[in-house]
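Take these sequences, add in the hints, and give me the full structure.
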Amino acid sequence: NIEKSIYRFQDLPNELIIDIYKYLNAREIFQSFYHINIRFKKLFESFDNLQLTVSLFDSNEKKNYEEFFISIQILIIDRGFNIDLKYFKNLRRLMLRNPKEKIFEQLNHHSLPYRHEQHSSESRSY
Numbered sequence: 011n012i013e014k015s016i017y018r019f020q021d022l023p024n025e026l027i028i029d030i031y032k033y034l035n036a037r038e039i040f041q042s043f044y045h046i047n048i049r050f051k052k053l054f055e056s057f058d059n060l061q062l063t064v065s066l067f068d069s070n071e072k073k074n075y076e077e078f079f080i081s082i083q084i085l086i087i088d089r090g091f092n093i094d095l096k097y098f099k100n101l102r103r104l105m106l107r108n109p110k111e112k113i114f115e116q117l118n119h120h121s122l123p124y125r126h127e128q129h130s131s132e133s134r135s136y
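Converting from the sequence shown to the numbering used here requires adding 10 to each position, the first position being numbered 1.
Possibly wrong hints are sitting among the right ones.
[Claimed, not checked] Here are the simulated DMTMM-like cross-link-like pairs (lysine to aspartate or glutamate), alpha carbons at most 20 Å apart as the crow flies:
| no. | residue 1 | residue 2 |
| --- | --- | --- |
| 1 | Lys-32 | Asp-58 |
| 2 | Lys-96 | Glu-76 |
| 3 | Lys-110 | Glu-77 |
| 4 | Lys-99 | Glu-55 |
| 5 | Lys-52 | Glu-38 |
| 6 | Lys-52 | Asp-94 |
| 7 | Lys-96 | Glu-111 |
| 8 | Lys-112 | Asp-94 |
| 9 | Lys-99 | Glu-77 |
| 10 | Lys-51 | Glu-38 |
| 11 | Lys-51 | Asp-88 |
| 12 | Lys-51 | Asp-21 |
| 13 | Lys-99 | Glu-76 |
| 14 | Lys-32 | Asp-21 |
| 15 | Lys-52 | Asp-88 |
| 16 | Lys-96 | Glu-55 |
| 17 | Lys-52 | Glu-76 |
[As the list claims (entries may be wrong)] Okay, the calculated beta carbon distance ranges per label pair:
| no. | residue 1 | residue 2 | range |
| --- | --- | --- | --- |
| 18 | Glu-111 | Thr-63 | 16 to 24 Å |
| 19 | Asn-47 | Tyr-97 | 18 to 26 Å |
| 20 | Pro-23 | Lys-96 | 34 to 42 Å |
| 21 | Asn-24 | Lys-99 | 40 to 48 Å |
| 22 | Tyr-97 | Tyr-33 | 42 to 50 Å |
| 23 | His-45 | Lys-99 | 29 to 37 Å |
| 24 | Asp-88 | Glu-25 | 26 to 34 Å |
| 25 | Arg-49 | Lys-99 | 18 to 26 Å |
| 26 | Asn-35 | Lys-99 | 14 to 22 Å |
| 27 | Asn-59 | Asp-88 | 27 to 35 Å |
| 28 | Leu-26 | Asn-108 | 33 to 41 Å |
| 29 | Glu-111 | Asn-24 | 41 to 49 Å |
I should point out that these hints are in silico values taken from the structure, not numbers from a laboratory.
Cβ atoms here follow ideal geometry from the backbone N, Cα and C, with glycine treated the same way.
Now the structure itself:
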C-alpha cells in the first residue's frame, strides 16, 4: 500500500521555487506569485538584477504594477513606450529602444546614482 503524498506549491523549499522562477520573466513571477503570501513576496523582492521589458501597458495595468516597479533593477523600454521613471526606485540599468523625447526629459530630472551611459545605433543604455 503506497501512501500518497500531496504537496502544495507553498510547501516547496525556496531553492526549488527559485529554480522554477528562472523559467519565467519578472512580470509573470509578479502576476503569479507576488500576492500569494508574505514568503513569496519577500522571495521576489530578494532577487538581484530583476529585469523588466516594457513595450505596451494600458493605464490600468500601470497602476496595478506600481508596487512591482520598485523591485526592478534593469528596465528595457521598447517601441517608444513612455513610462514615469519615478516608480523605479531601485533602477540600476535602463535600456532604451526607439525612445520618446519625454524619457530623455525624465533622465535629466531624475538622479540615477548608478548611471553609466552606453550608446549603440539600435538602443541606448543608461
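#### Entry: Violating hint indices (sorted, rising)
3, 6, 11, 15, 21, 22, 23, 27
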